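Given chain Z, put chain R in place with the hints provided.
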Amino acid sequence: MENIRYDLITALPEIVIVCMAMFILLADLFLKPANRIAIYLLAQVTLLVAAYITFTTHVPSVSYAFTNTFVDDAMSDVLKLMIYLGTSLIFVYSRQYLQQRDMYRGEFYALTLFSVVGMMIMVSGQSMLTLYIGLELLSLSLYALVALDRDNAKATEAAMKYFVLGALASGMLLYGMSMIYGMTGSLNIAEISGALVGADKLHSVLILGLVFIVSGLAFKLGAVPFQMWVPDVYEGSPTAMTMLISSVPKLAAFAFVIRLLVQALPSLAIDWQQMLMFMAVLSIIIGNITAIAQTNLKRMLAYSTISHVGFMMYGLMSASTNGFVYAMFYIVSYVLMTLAGFGMILLLSRKGFEADKLDDLKGLNQRSPWHAFLMLIVMFSMAGVPPTLGFYAKFSVLQAALQAGYLWLVVFAVLMAVIGAFYYLRVIKMMYFDDPVDRNPIEAPMDMRIVLGINSLALLVIGLMPEKLMELCIYAITRSLS
Amino acid sequence: MLNYFSSDYFFSHILSFSIWVPVLAGIAVLFTSNDNKPDTTRWVALIGGLAAFLVTIPLYTHFNFADGGFQFQEGFNWIPAFHINYHLGADGIAIPLILLTSFTTVIVIISAWEVIEKRVAQYMASFLIMSGLMIGVFSALDAILYYVFWEAMLIPMFLIIGIWGGPNRVYATIKFFLYTLLGSLLMLVAFIYLYMNTNSFEIIDFYNYQMPLNVQVLIFLAFFAAFAVKIPMWPVHTWLPDAHVEAPTGGSVVLAAIALKLGGYSFLRFAMPIAPDAAHYLSGFMITLSLIAIVYIALVALVQKDMKKLIAYSSISHMGFVTLGFFIFNNLGLEGAIVQMVSHGFISAAMFLCVGVLYDRVHSREIKSYGGVANTMPIFAAFAVLFAMANSGLPGTSGFVGEFMVILGAIQENFWYAFLASFTLIFGAAYTLWMVKRVFYGEIANAKVAALKDLCQREFLILAILAVLVLALGIYPQPLTDMTNATVTQLLSHLMQSKLPVGLPSGL
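So the sequence lines, in the order shown, correspond to chains Z and R. First residue of the first sequence? That's 1340 in our numbering, and the numbers climb one at a time after it. First residue of the second sequence? That's 24 in our numbering, and the numbers climb one at a time after it.
Just chain Z, same shape as in the assembly:
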């Protein structure tokens, strides 16, 4: 009895969110469309309560629940808090967009909350099965979200693509997991890593299993050569969904990589390091070079995501505690930048106008200097120019890679960063140097303007004082990996 109570308390945030998501789904049926704001507020309150629980029940030590299939450590708590924060921002940014497109319904909030639960389980999974369940909960919710606008042919197509390729990736992941299970006789992360100590590391089944796992992970992260779905899904999905897909799930995917590769398979580090290295380099090349040719802002950001994932892998492939800390710092920075970037697209869009073409940004400085300035910060941050947050993100992962001895890969990444800078600069060029095509006033609710302002300025402020965020990442990783 005592055990069950302990288990339930450990997973309390997840339980709260699941219950609330179902409640929202139900409540939606009884609410008049005019009162939908209640649903929105309820969803925000849910995240707030979950954050409160996660924060107050946090202990620096590691604790296991549900017969060691669920873990609560510093990394999971920090990442969960980030996930709440990101999701909450998504709710703020997308409200008007959804209202104008007839998607402002309980389903959106319920499905997003379910996906949040999926991410939380991924973050806290201590068994390959738990991890997999979390991933599927996340993915299925996202597939449905992309297709939420049923009559939109493009979105439906994107959802279909996302589903088919996502299911394939899940299959590969599961296949890889089954091979590891076959070799070690356990699904538990700690037991797997124990079983592999001193084992014959060249065993082909192990390596084959690893290949499948890494491919599945790369699919979910959107790393080359498994990146084909990213641009199409980003472009086809309604912008609010694109923002969701491209941001917070990457935090969960990061935790997923840490749990599976770093915690379960440290004995195979040499092998997965090589795989990550190839994917990192390819992602940076393909991401940065292809982005140049894009005219659609969402597609451009898709390729930008691919290159960011590549940079993040520079931290992971160093296979050192520092490397993981910096990779986490990178992914958190990436999420903040992405949210601000998509937030700006949502802010500029209005009924019947998506603002997702690069040309739609033309002359933004003349229409609204303030918003052009915010977008300027976001773009320079993505390009990694100091004094923005993106600089420290790139700086730290490159430092980790250099420490691991990858001098020429670092020089290469630096050259690619210059190419990458070009397409971010082009956005700034459109905003500042060109005359506006679209002269409609920008209409957006005040809460969104304020939050977006804080979000974008945070990129500058954290860029000037990155210490706190860095300490948080150091805390999360060192406490969890020791």
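Since the hints were made in silico from the structure, they are not lab data. Since the structure is predicted, the reported quantities are computational estimates derived from the model, not experimental observations. A virtual CB, placed ideally from N, CA and C, is assigned to each residue, including glycine.
Taking lysine-lysine pairs in the BS3-like style, the calculated list, with each CA pair at most 27 Å apart, reads:
1. Lys332/R x Lys141/R
2. Lys1701/Z x Lys60/R
3. Lys1690/Z x Lys1493/Z
4. Lys332/R x Lys476/R
5. Lys141/R x Lys1701/Z
6. Lys1696/Z x Lys198/R
7. Lys198/R x Lys332/R
8. Lys198/R x Lys1701/Z
To give a feel for the contact side, a few chain Z residues facing chain R, derived at Cβ under 8 Å:
9. Phe1719
10. Gln1738
11. Leu1741
12. Val1749
13. Val1750
14. Val1753
15. Ala1756
16. Phe1761
17. Lys1768
18. Tyr1771
19. Phe1772
20. Glu1810
Frame of chain Z; chain R shown alone:
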């Protein structure tokens, strides 16, 4: 309890004030952005610029001339996770350049007074913020702090050229940005490498770190990529004529007067003291590039049809003297190079302002659009001829002092270096005076020139100030050389000590 208003607090944080006063002034200017009432903006900007200039004055008055090390030091732990410190300090090389920066900003603000009509607030703010960032570059003693300022400076410059520039501004500004970014990222890799070995980003720690020659050469080349682009040295100079031609007058002034000096300064601050053996090892290479810049680029300047382009090439040629002075490794050459940097700051600023004066009236930079301007603008012509003489290195002007010192220094090293370098006195005179002849003398070329009005008070004021400075530095350069003397001696003695690890083979 610290008293934030006491003079002690001010003097112990004077470099911080020098950096942040203009930045904050720039932000304040942004809040006055109202294009219908640009005069408020202009006055706020001018007051901000003057305040920023006044703040830097004590750097000269309170300078200890006998001390060659870093003065006015201050700092705190900025990002302990990476051992990055907010550490500022300035020596006799940095302070003249800091003063030059804050002074030039005032000039730029005045010169833009009636000229810039669209988005005045953003224009003024960009220059003020950039001025603070450049002073940051000159005073940072932590490599990452330096890097942050160095890169952040690109952002306002990018906007200045892109928003207020000429017809081909977008190409020019993106080229400028990417060129500079590429070089600086390689420098960043070098910083990280040094950090891994010294566990510190302090420049002083880099100075004391010993490296074998092959490592030094790589480090030096990484720095070279960043600084040679900035100076710019032949053959990575091609961004400069584009950027200069397209930039608005103020942008050209800041680029020529200060931005180029960032590269020269950084050679002295980073590349040479951190990798002195590589600097000696590669000195032949560097001198060759410098001489090519001096001679070949001067010839290129001769055939330019565009006045701004001509001055841009002339800048590259003059900066060749600076790098030549660095790499002959003697007192005279080094000090001459520094004098040349400051003097070129004044002269190139003045030359670009002169072109600006003409461009504002006629809207053409082509030499052939002019002719006989001296007939309609006699006062202006007098100034222009003075600056042209200074640019070609006439004795009595500041242009002469630096070049002469460098040539003297070069003779001590190798007669042929000096021989080739002194060609500039001929070519420099040729391209500058030929341009002056075609623009100012002869018959009045067309109706537009005939309708020209002479300098207004504002233009007269800034050109007069610059003229006084050019002459003062030319006749009595002592205050400047006194300032740099101790630092140069100390730097040279550091450069002459090998940093190769003892007992290790030094071959490549």
